[in-house]
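Asker: Respectively, the protein sequence lines represent chains A and B. Under the working numbering, the letters of the first sequence match residues 183 to 409, in that order. Under the working numbering, the letters of the second sequence match residues -5 to 145, in that order.
By construction, these hints were calculated from the structure, which means they are not laboratory data. The reader is advised that the hints may include incorrect statements.
To be verified - With a straight-line Cα cutoff of 27 Å, these simulated DSSO-like cross-link-like pairs (lysine-lysine) come out:
id	chain 1	residue 1	chain 2	residue 2
1	A	Lys190	B	Lys91
2	A	Lys406	A	Lys272
3	A	Lys365	A	Lys349
4	B	Lys91	A	Lys349
5	A	Lys373	A	Lys348
6	A	Lys349	A	Lys327
Said to hold, decoys possible - Derived list of chain A stretches under chain B, where covered just means 3 residues or more per stretch with a C-beta under 8 Å from a C-beta of chain B:
id	segment
7	201 to 209
8	327 to 340
Unchecked claim - Selected chain B positions facing chain A (Cβ under 8 Å, derived; list incomplete):
id	residue
9	Thr31
10	Tyr32
11	Phe116
All C-beta atoms in this analysis are idealised placements derived from N, C-alpha and C, irrespective of residue type, glycine included.
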Amino acid sequence: MSSSKAIKSFLPFVIIGVVAALTITIGAMLYRAKRVAAVTMSKEQTVAAQATGSVHVRGSVDAPVTLEEFGDFQCPPCGRLAEPLQQIEKDYGSRLRVIFRNFPFTTHEHAHEAAYAAEAAGLQGRFWEMHDLLYREQAAWAKSKEVQTLFEAYSGMIHLDVERFKKDMASERVKEKVESDRKRGEALGVKNTPTIFINNESVPPTSLNPTALRAAIDAALREKKGS
Amino acid sequence: MKNKRATSASAAAIPRSQIVVYCLVALISLAGLADATYLTAQAFSGETMVCGGSPDCFKVLGSPYAHLGSVPLALVGAIAYFIVFSFAILAAFGYAKMRRFLLITVWSMFAVTLWLLYTQAFILHAFCRYCLFSAAMVFLLAGLIVASRSP
Chain A
183 MSSSKAIKSF
193 LPFVIIGVVA
203 ALTITIGAML
213 YRAKRVAAVT
223 MSKEQTVAAQ
233 ATGSVHVRGS
243 VDAPVTLEEF
253 GDFQCPPCGR
263 LAEPLQQIEK
273 DYGSRLRVIF
283 RNFPFTTHEH
293 AHEAAYAAEA
303 AGLQGRFWEM
313 HDLLYREQAA
323 WAKSKEVQTL
333 FEAYSGMIHL
343 DVERFKKDMA
353 SERVKEKVES
363 DRKRGEALGV
373 KNTPTIFINN
383 ESVPPTSLNP
393 TALRAAIDAA
403 LREKKGS
Chain B
-5 MKNKRATSAS
5 AAAIPRSQIV
15 VYCLVALISL
25 AGLADATYLT
35 AQAFSGETMV
45 CGGSPDCFKV
55 LGSPYAHLGS
65 VPLALVGAIA
75 YFIVFSFAIL
85 AAFGYAKMRR
95 FLLITVWSMF
105 AVTLWLLYTQ
115 AFILHAFCRY
125 CLFSAAMVFL
135 LAGLIVASRS
145 P
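Isolated chain B (complex conformation) (with noise of 0.2 Å):
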């Protein structure tokens, strides 16, 4: 009894605005999922990738930079994209405590993105668009989860 009403009152404090904040987050989050589960399946099949012939692809995914030891970073993305996105769900349908979470997920994903640019722009010199557009993801979530907060 006790948990029910915990639910329904945590899901009646969210004002529609966050909801849809939060389905829009998932949204994105999905977007994101696609492109990263699409370089894992690149990564651990071994093939590589044209990029419409610019080898910049090549460079970048094909850098010791795009792993974690012998995990590829895309799928330590993939894993953090489907938080996101979980996180993202749970706090649209009113549980408050995935809000934290998705926060702090959010901006770590946020820090990493920075030093991967960071990475392209000034070390390897070259940018591959599949890792860009998964940077362009996480400044949409960011930006959205700021602005669901900001009053």
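The shape of chain A in the complex, shown without the other chains (with noise of 0.2 Å):
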């Protein structure tokens, strides 16, 4: 009889401490997945994307071997090879950098607009933060009516100066910042995107995928390494 009392006066407390442990492991699971897909960006890549001005450039300035994207934020295969490039920068390190460039279709409703809202946040040194947000979120504002709306908030959410980005967005110096990438990926002969270039050597269209990607990257630090 006194150990069921015993048991009722403590059942309470073992709710309580139940529901807040329970909560504390499922929000730090949440937390940890969300993480993984979150925009990363390590300090010393930070430092070599700013030092390179204009240029949006990821990684070490003395990687060997350098990739060099031109990409459409819309475009779906652009996407579905973001996530495994940022892999690969990952895995390689300080052995690789990363370029990227805008070489946004007409095709594509909002891809000018996508283009422009990466630039206005590199103007305040987070375009790789919009850059792998553009990519991750591109089934949503791709679809969305209400696209400004949704990039704007977009620069909210990394911290941007949202009317700063507004203003940039629209200004004449992220057209041509724009322009000019485009203007380079023609002289190049692109054509498609994504287009890869490693150390210069253009990688055929149908070795844009992970491995043959990671391959060609081995290739380019052999030679690097010969030489």
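Fit the two chains together into the complex; they arrive one by one in their own frames, and the hints show the way.
Answerer: Take a look at the structure:
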């Protein structure tokens, strides 16, 4: 009888304790799951990106291999390749640097606006955060009728000055930057996106998959070591 | 001995209908806790909310109103729901004092919810569905508290 009373007096605290433990565990699991997908950029990468000014570079300045991508934020294959590319960047670390250049197509309704959004974020030192975000959320904004509102909201999420971002997005400076990337691509013979160059060698469209890209990077690394 | 009597006396003093109400309060606060925990994890991870492609989630959760300094409001909400859950469980088990604390907490949450709804409707002109779900939970909690006190 007394033991049942003791259980009864402890039970509410046990229930509360179990709920607290479950909440913290589930919260931590959610955080971990989301953190993997969220934008992360190391200090070294940020410094490298800032040091190069108008060209958007991620990775070590002294990396033996340079991967240059011409991409359109609304192009589905570019979106699909974005995450594997980030993984490749992580895996190769200081041996690889990545350059991104805008190559938006007019056939993609919001591709130019997305490129302007990335460049406008770049003016506040957060090009890569916006780059990763645009690719990650491509399915959401590509179909949206309120794409400008979405981009402004994205800018808030990556802690940009939203008013400045809005002005920059509409500025000639940003449009000229996108246009200059495009001209560089045309000069190199870019016709599709994504087009990738590894140490200035074009990667064939059939090799635009993680395995083939890793093989191409390894080959470039071997070539650098050999020379 | 005295303590034992006080506990059993207070437990006996609660009508069965009130125990049911406190259990319902605990269940609803769990739903609110799940919602707020999800939003807290999202806020700390920096991940964005898709909300089915609607920009409203971004507008609300990315706004300065979604934070108290550097603390996400969702975390404050999660703590509040947990407190409500704890008070409701204790009240259901006969801890009479907890009823008053429960009342104070739920009405405070109700007041904050009204302010947040006003902010969404008239300042941000956007509604976040996770926030609306939380508001609905708080309204339900307030309704149950009112119902439990009526004769």
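Asker: If a hint holds in the structure, say so; if it doesn't, say that too.
Answerer: Here is what the structure says about each hint:
no.	hint	verdict
1	Lys190(A) with Lys91(B)	holds (17 Å)
2	Lys406(A) with Lys272(A)	holds (20 Å)
3	Lys365(A) with Lys349(A)	holds (24 Å)
4	Lys91(B) with Lys349(A)	violated (57 Å)
5	Lys373(A) with Lys348(A)	violated (30 Å)
6	Lys349(A) with Lys327(A)	holds (20 Å)
7	201 to 209	holds (count 5)
8	327 to 340	holds (count 8)
9	Thr31	holds (5 Å)
10	Tyr32	holds (6 Å)
11	Phe116	violated (18 Å)
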